[in-house]
Amino acid sequence: MRGTKFAIGGIRVSEKLPNSDGAEPSGAKSDGLRLLITDLISGELAPREAERLTRLLAKDSTARAEYQRQIVMHAMLHWRYGGAGMSDQSEINPRTILELMEEVEEAAERRSRQQALAQVRQGTDRALQQRKSASLGRNSHRRARAIIIPRSVAYVLAGSIVALFALVIYGLWPQPLPTTVATVEGVATVEDSVEAEWRDSELSSSPGTRLSRGRYELVGGILELSMDDGAMVMVESPAIMELVAAGRMRLHRGKLVGKVPRSAIGFVVETPLATLVDLGTEFGVAVDEHDASNVQVFDGRVEAVIRGDDQRVPLVRDQAVRMALVDGRTQVSVVPLEQMQFVRRLPNREKVPPYAAAVLKAKPLIYWRFEAAERGTVKNEMGGRFQGRIQTSGVGATGLRDGVMVFEPSNPGLVVCENPRDLPILRDYSVELWMKPARQHRGALVSMGVQTTDVKHPTNSGILVAVCGPTGRPRDLEDPKNRPGYIRFLHRSPPTEDGRFGTSCYSGERYTAATWQHVVAVKDGPEMRLYVNGQLSGQATDASVFSSSFCFHIGQLYARSPVERPFVGELDELAVYDRVLRADEVIEHFELPRPSLHRGDTSR
Amino acid sequence: MEADSQQYHQIVTDFQSSLYAFICSLMGGSENARDVLQEVNLVLWSKAGEYDSSREFRPWAFRIAYLQVLAFRRRQQRDRLVFDDALINTIAAEFVDDVDSRLAALDRCIDGLAETHRDLLRKHYEEGRAPSSIGESMGRTANAVAASLYRIRRVLAECVERSLRLEGSG
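Going down the list, the protein sequences come from chains C and R. The first sequence lines up with residues 1 to 604 when you count with the numbering used here. The second sequence lines up with residues 605 to 774 when you count with the numbering used here.
Among the hints, erroneous ones may be present.
To be verified - So the derived label-pair ranges between C-beta atoms look like this:
no., chain 1, residue 1, chain 2, residue 2, range
1, C, Arg52, R, Ala675, 25 to 31 Å
2, R, Asn693, C, His457, 46 to 52 Å
3, R, Gly716, C, Gly208, 51 to 57 Å
4, R, Ser736, C, Ser544, 34 to 40 Å
What the hints assert, rightly or not - Within a straight-line C-alpha distance of at most 25 Å, the following computed SDA-like cross-link-like pairs (lysine to any residue) qualify:
no., chain 1, residue 1, chain 2, residue 2
5, C, Lys59, R, Asp688
6, C, Lys363, C, Asn380
7, C, Lys59, R, Val700
8, C, Lys456, R, Ala708
9, C, Lys456, R, Arg722
10, C, Lys379, R, Arg726
11, C, Lys456, R, Arg712
12, C, Lys456, R, Leu770
13, C, Lys59, R, Ala690
14, C, Lys456, R, Asp711
15, C, Lys59, R, Glu698
16, C, Lys456, R, Ser767
17, C, Lys456, C, Pro562
18, C, Lys361, C, Asp524
19, C, Lys363, C, Pro593
Claimed, not checked - Far from chain R by the CB rule (all over 10 Å, computed), these chain C residues:
no., residue
20, Ser237
21, Pro261
22, Thr330
23, Gln331
24, Gly502
25, Ala543
26, Ser561
If you are wondering where the hints come from, they were derived from the structure by calculation, not from laboratory data. All values derive from a computational prediction rather than experimental measurement. Cβ atoms here follow ideal geometry from the backbone N, Cα and C, with glycine treated the same way.
One chain only, chain C, in its complex shape:
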């Protein structure tokens, strides 16, 4: 290994350059190449520099090798992390060929639009006039496609697009529309509702009800609307909103969650203090009685244009801000993301059993019901992220059976959470599940930790919910931490495999083999609680919190070989919360019948 230093942007960056098969260009030439490639990948390569890079690559095969190494890794990382819509590419279905053709046409259209955008920026007044007249004349269910922009391009052009929107939308916050619903054509349709109630009692909230432009007050329940431009909006009572157009609404009070597919990019929610322009995403907005609003982005991107000045606040996934009026000016502050604040999905009461409805209402981050697996993937009922991937050796019957996850002794398998790096488990959390151990044994039900490069201990445990059993080692008989027959809830921060650290909370009673049991592990500030079948069964104290994200899996101690502490038996209805599950919720959940019960299992 050899090390060099080079200056970038006034900061000295230490850069270790490995001697990779002698293929590394050296010295100033290497630094120059590195800067050129960096700028190229960042999309900031000036034309003159591009010429320089072209000349360099054309004549120097070593430079080309370095370029290929960087660009291929860049592409692989894009692919691996699913950025820029890469996940859409992983499976090409021949039946989608027509959609593909449409996309290609759209792509061509978009490219020509990029050029048009530059012209539009030169004449913002003209753009304002065009937007106004367009909105007056709009009578189509599909909005104009001038705002459909691919995500990758949107990243680059976001600033300019929003500048355009800021100009055309800002200042158009007119006088509130009359409370009486206008009799012009509809702009949205009620898709579904749960106990929804309008202030105007004559208005229906049944699915299929068309809503026209106008002001609405939702005094009870939750309502799911599909806007005519394709955006889906979940409104939670109490709320006062105005439907302005197929792609635009105002929120005066209350909460909504917008889910905006690519076809509806550009959907706008106006709040008293800001205009939110969606760039293809899922986001939540809450407006309180002082006109202050909280905005959270669950996925994708949103741009908030502050009313009254030109400030634009770009927001990406898992970011949240609060906008409030202080001394006559809108102040924007970053606030913690609160997953609990918004209802993002409406339970289908006809299909969802009461137990599942209760868990959905409790808003876990992860809810694996194990009802069915599509290509080995267990769905997270709470949304796209944190799905489970079933991993088995392919021998034996480990996998889903009759709506539960079965772990067979002949085939130790596990279910690994996909993309778990964002799992925001820090201080308070809860893990809830139903388990039916085949026998008394030592097996890991739920394991969260940090991956290591240690071959023997590939995971440093942070959170563990496990059944205890004989270890087979005589010395463990004297170990107070080994309590065969009991349930163990371990909290260990920082995560490590060193058994001397962390705090274990054990159940007060032995678990029962071949019987379904409801288990909930709760970390509430410094308190650890373990509930079994609705009863508080064990308590412990540990004030430590987590500071890093986890990998997360069930069925074994480690997420990869060696197989350690495989759980043998059945597991169902797993939920992970980033909050404390209260005792009354634990009891409520336990008392509801486990959904898979009707499938012939009478042991609960």
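Starting from the known structure of chain C, arrange chain R on it as the hints suggest.
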């Protein structure tokens, strides 16, 4: 016929990551690469009947991708482009396609990175944040962030190459 169609579908699907890396390599980055990949898929599908299953799929698919990149280049304004046709041709000829096996090794290599570096990758590649945006939240310059990303890519590329060599020898 149905079996042929399914087989073709599978081959095209299996080659998506390789084609994407190839296109990025010819275009000098990932901007617009996705659109070009869509165009390549469209051509691959429209030419499904012409594909001779006794011949290797890879050179055929890469040839189509190469032509699509050149076609894309012709449609673009010249100042938006990086490489000329001759260099694109050279890069295409030297492209080593083992992206699939590299991707399999990549996960293990990412797991071996420091948490701060994984976080940086996630911000850039998963959230799509530019180095300037990441830098703002970390109190670093955009250039420093871009340099870190360069170094991480280098370390990962070497780790992946080492893994492949070990697998090859083991």
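Interface exclusion of alanine 543(C) relative to chain R, criterion Cβ beyond 10 Å: It holds; alanine 543(C) is separated from chain R by about 22 Å at its closest Cβ, greater than 10 Å.
Would you check whether the claim that serine 237(C) is not at the interface survives, using Cβ distances to chain R and the 10 Å cut-off? holds (32 Å)
Would you mind confirming whether the straight-line C-alpha gap from lysine 456(C) to alanine 708(R) stays at or under 25 Å? holds (21 Å)
Does the Cβ pair glycine 716(R), glycine 208(C) satisfy 51 to 57 Å? This hint holds: roughly 54 Å between Cβ atoms.
25 Å limit on alpha-carbon distance, applied to hinted pair lysine 456(C) and aspartate 711(R): Given pair lysine 456(C), aspartate 711(R) holds - Cα atoms ~18 Å apart, limit 25 Å.
Taking 25 Å as the top limit, are the C-alpha atoms of lysine 456(C) and arginine 712(R) close enough? holds (15 Å)
Taken at face value, is the distance from the CA of leucine 770(R) to the CA of lysine 456(C) at most 25 Å? holds (19 Å)
25 Å limit on alpha-carbon distance, applied to hinted pair lysine 59(C) and valine 700(R): holds (19 Å)
The hint says 46 to 52 Å between asparagine 693(R) and histidine 457(C); measuring C-beta to C-beta, is that right? Check passed, 50 Å falls within 46 to 52 Å.
Quickly compare the C-alpha distance for lysine 59(C) and aspartate 688(R) to 25 Å and report which way the hint goes. Roughly 13 Å between the alpha carbons, so the hint for lysine 59(C) and aspartate 688(R) holds.
Given hint alanine 690(R) paired with lysine 59(C) - CA-CA distance at most 25 Å: Measuring from Cα to Cα gives roughly 11 Å; hence the hint holds.
For the pair supplied as a hint, lysine 379(C) and arginine 726(R), is the alpha-carbon distance within the 25 Å limit? holds (23 Å)
The structure is consistent with each of the numbered hints, conforming to all of them.
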